[in-house]
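Spelled out, the chains give:
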Amino acid sequence: MGAVVALDTLLAARTLWHAGRSTAIAADGESTGHDALDALLPQGGWPRRSLTELLLPADGVGELALLLPTLARMTQAGSAVAVIAPPYIPYATAWQVAGVDLSRLEIIDATPRDALWAFEQCLRSGACAAVLGWPVHADGPALRRLQVAADSGECLGFAVRDRRHAANPSAAALRLEAVSDPRGDTVWQVRKCRGGPAPAHPFALATH
Amino acid sequence: MLWACVLLPQLALDAVLRRLPQPEAPLALIGGSAQLRTLHAVNLSAAQAGLRAGMRLTAAHALLPEFAMVEHDPQAESRMQRFLASWAYRHSSLVSAQWPGCLVLEVRASFRLLGPWPRIEARLREELGGLGFQHRIAMAPTPRAAHVFAGLRDGLAVMQAEAMADLLDRVPVRRARLPDDNGERLHRMGIRDLRTLRGLPRDSLRRRFGLPVLEYLDRLYGLADDPLACYAPPDHFDARIELGYEVESHMALLFPLRRLIGDLCTYLSIRDGGVQRFVLRLEHEQGHTDVEVGLLAAEREPAMLFELTRNRLERVQIEHPVIGMRLLARELPPFVPAARDLFDTRPQQQLPWPQLRERLRARLGDDAVHRVAPAGDPRPERAWRRVLGDGACIPVAPVRPPRPAWLLPQPVPLRDPHPRIVSGPERLESGWWDGDDARRDYYVLETSQGQRAWAFAPPGEQGGWMLHGWFA
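Residue numbers (the numbering used here), protein chains in the order written: chain A, 167 to 374; chain B, 232 to 703.
Excised from the complex, chain B in its bound form (with noise of 0.2 Å):
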């Protein structure tokens, strides 16, 4: 197996960025408690005007007047990397988020289908990029070591395990990512690189350091299983944006809907599925208003869906100033692209049947599309049922005297006061050994207004009319 990790050094910074319409401004990360304001992260034209992380906010003022400053958000640092895991979910089907900052996806599986490492390295280099993301990516025979290898160095490949424990070997282990704080005590107490410390006597060393820095040598180097959490995407989508300020027009919200749109389509297309419903929900200091989006097919397209989201949203009046922006899609159908033979003379947007089905018990309820069979008894309300499905035969029906084509669920009163008989009667005595006795003499009936009635009347009567089916 082959691990690329992608380190994302700077994810809640970037979480932010990618939503902003010019993320060239000064921009800090502020943590901290209330008394003591800090900067969490701060980006790059405000590092160059010398702001710094872990700088008091008072002291930032005073270097840069000027700067946007937005709260950080731990949770939305993980949801980020939630959200890259589905990316990367694209390229591997094997992909874990389970260290802090960084991804591993495992790529060997992969060398078939999108070409040699170089080519997916770009491909991922690319897409991070489209997505706003800095990142740096490094490969390696091991996931531990590939995440080691993206710190040191971005674009750092290798293939064999002799030439990955040869480079681990020079490894200072201040950078080795060892558990807790043990690089640095190791670091003070002289063992530079990793040669060395696996140089040391094993027992004395896990006596000394305990059981976990042992376990993560053999896992770097490959002599121990390492067990990854691995990433299964959801089967729906849920994305927020929280704007940070009060938005009361359209033309604000454009651009983070661009985003949240483009990311939906992301996540569609690793599923390889498509949305006909979703909800535009945007988020008011009380209460929130949803737009609702519905499609007459399953798609996936960003620029088509952001128009037709766009269009829905510039239609509602926003009463509230909108502080926050949520995007959910509860079904995700499958995508079909719009393909089109040459020579194929039937619509475009052709739909075969399973398909159609499939949609329509989506919004209608899951047993709304049915068949009608017909059923041996010879009681109307048992004649037929209902067939859910292909699988089922459709047995033909024994023959009968004719039967109205439209059978009322229950039998009513038949309201007109001279119906004409038309033929009858045709007695009907069944059901004694169910429980459900029916005794009835059925007739054909014309009523004032033309229409043909399938009526019964009680045995021997002419009268009391109980209307049971139209002759349409």
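Here chain A stands alone, though its shape is the one from the complex (with noise of 0.2 Å):
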């Protein structure tokens, strides 16, 4: 009786559930933009408030497609969104197609040691409505550092990094992996996503 007991504790608490039964969970996320994945997601968009993952095999696979949307509907909204030492010189022509104000967008520009002081900067200031970086060398501690910088700003941040991380823990509230299906087109597959169990079937972006 006693075990019973505990194990309605733990679903109470959230740390466990029925698999196959989709628990309730406030849709409360920040929509991405794409339908398909805000279906997919247990909040139904990015989850405020935290750190979000994007495991990459190469830069240029489509990370900026999946993030595009949302950026641009924040910039518009006149929010601004810092993304920090990106590995290539964002086209601002390309940007502003897609609908970035880029007037809100801030570019910033560091070593890979302040770049991860200035994501956190950024992420816990609650200047800016979304973060983007590139914390190459991040490890454990830094990523929980950058998600509870993320919870005390009430920011999005978006953490891209290679996909050989994917095999390490991370306190990144979703997770989210680019991969081939067998067609090779890239589509992204939930790894962790807070709230819920991941889906099991992933997400193919809109081809450009």
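Don't read these hints as lab results, they were simulated from the structure.
Yeah, the Cβ is synthetic: ideal placement off N, Cα and C, and Gly gets one too.
Watch out, some of these pointers could steer you wrong.
Which bits of chain B does chain A cover? Going by a derived footprint, with three or more residues having C-beta under 8 Å, they are [claimed, not checked]:
(1) 601-613
(2) 625-635
(3) 675-688
Here's a subset of chain B near chain A, in silico, CB distances under 7 Å, partners left out [claimed, not checked]:
(4) L582
(5) W584
(6) L595
(7) L639
(8) W701
Put the two chains together into one complex; each comes in its own frame, and the hints tell you how they fit.
Next comes the structure, spelled out in structure tokens:
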């Protein structure tokens, strides 16, 4: 009997859930701008006040296509979006065509070590609606710091990292990995999402 | 104008005493040559034991076998005076530390802000007491008169020029701080007070004592302008405490550290600034150890800064004995007190973007934070530009075929041997007018890893791909 009570407690605390039974959770996420992805995620969008990790096999597999609708909506609403030490130059024309208001897009150049500091500062400050970063040398504790900073700054953090980090645990609330499907297209597989089991089927971005 | 004079009768001694955990123990400042050591100043308990300033060190030892000795440093005195000038700057914008051992500050302009003189005086006394300095305060319509009055009677305050002239007339010449030893000379000549002195014919007075005495009198009574060298606060903080003995434990460093942090915070509140990064330098016989302290936000709360620095300090291994301690703060960003609206839903430490940008620029470099804007040139490397600051407006890019979201700073050879051509070519031929001629055929390629590349080849060819961007 005692074991049953313990199980109920675990279920109530949402540390445990029934496989195949979707848990009722408030859909209070920030819409991703992709309806199929919104439907897939437990919060119905990017989890608010937390870090989202994007795991890529290489740069340029569609990570910006995934994010640009969100960034465009935020900048058009007048919120600042910070891009910390991007690996390439954000091509102004393409970002503008995607709907991003470039006067609200702040680009910050930094060395890898300072980039992590700048990432945390921007997340924590609460001045930005979203912060996009490439934490190359980030380890577990560093990601946890970023997650805490995103929580205290109430903003969306996007950490773009290499796919080899997928095996390592991460404090990010949502982890998406870019994988190739049998046809050779890039699809996004949810590896972890807070508040529910990771969906089994991947999400394919509309081809550009 | 009304000038307050803060006389610091034992500045050198206070500068030493205030950094000792037990200032009550007998202590003397030692000066003089190596052969003839004399006492420069003594504290209260040493004076009670019979020690006097000017006494020979051997004589002092005969009177009191055990007392602390600290080498007198004349520079420490002027350093302390500068520090106190920065403290006084909080109460007045006109502060002068021109005369040794005292500060003068204009207070009439501060009445409206800080209240009438008794309140300002009480405030000055309270803060000076907290900082650990003996003081005498007087106020008068001219700075020199305030200086003279402070030497005569503590707490004397004269508002009216006539009352001041009356009082000054009764001041003995020896106490009037006349230049050089003229006060003593006049006294010996039988001239007892300033009224008699002023009654003398100016011409003969000038011939006998020189112009400075007359100038001094005019300035004292407010008959002539008195240009003062006013204090201007520096924009960094640098304070140092010499320990006088070798310290190898953290505990013994905490008391001087508390003083340094307290001084820093005093200084910060005067500047209405905060500190985000500073260095605590532990000086050894040779070399030094730096303890860097960095904060997420500019702060000036002494207790918080002390705790933080203490934590950092305790993590440092002290390998050599420490003989001195120095606190250096180069950047003093503006301080934003944590204020929160009752119905504000944003987090408490929310920082507006301009301040965040300043913080980022302070650490990463002045042009580290920028924006991008499209430009009219068709060549990709010139089709965008960096924009610094808020002022510039962002133009709308001309309509062109799809452009990649990522642009490489320099085109590099594409390493994929067999990319699949998705679309193209887009012939780009431009720049013949500025010597940077570009003739390229741009293609959208798909690499074997699934990336969409934007690459160009020489016109008419489909090989030798140069990668210029990613459709991410």
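Status of each hint after checking the structure:
1. 601-613: Coverage by chain A holds here, the residue count being 7 at a Cβ distance below 8 Å.
2. 625-635: Our answer is that it holds, as 7 residues pass the Cβ test (under 8 Å) against chain A, meeting three.
3. 675-688: Contact hint for the region 675-688 of chain B vs chain A: holds, 5 residues under 8 Å.
4. L582: Because about 4 Å separates B:L582 from the closest Cβ in chain A, which is inside the 7 Å limit, the hint holds.
5. W584: With Cβ-Cβ at 4 Å, under 7 Å, it holds.
6. L595: It holds, given that the least Cβ distance between B:L595 and chain A is near 5 Å, below 7 Å.
7. L639: holds (6 Å)
8. W701: holds (3 Å)
The structure shown violates none of the earlier numbered hints.
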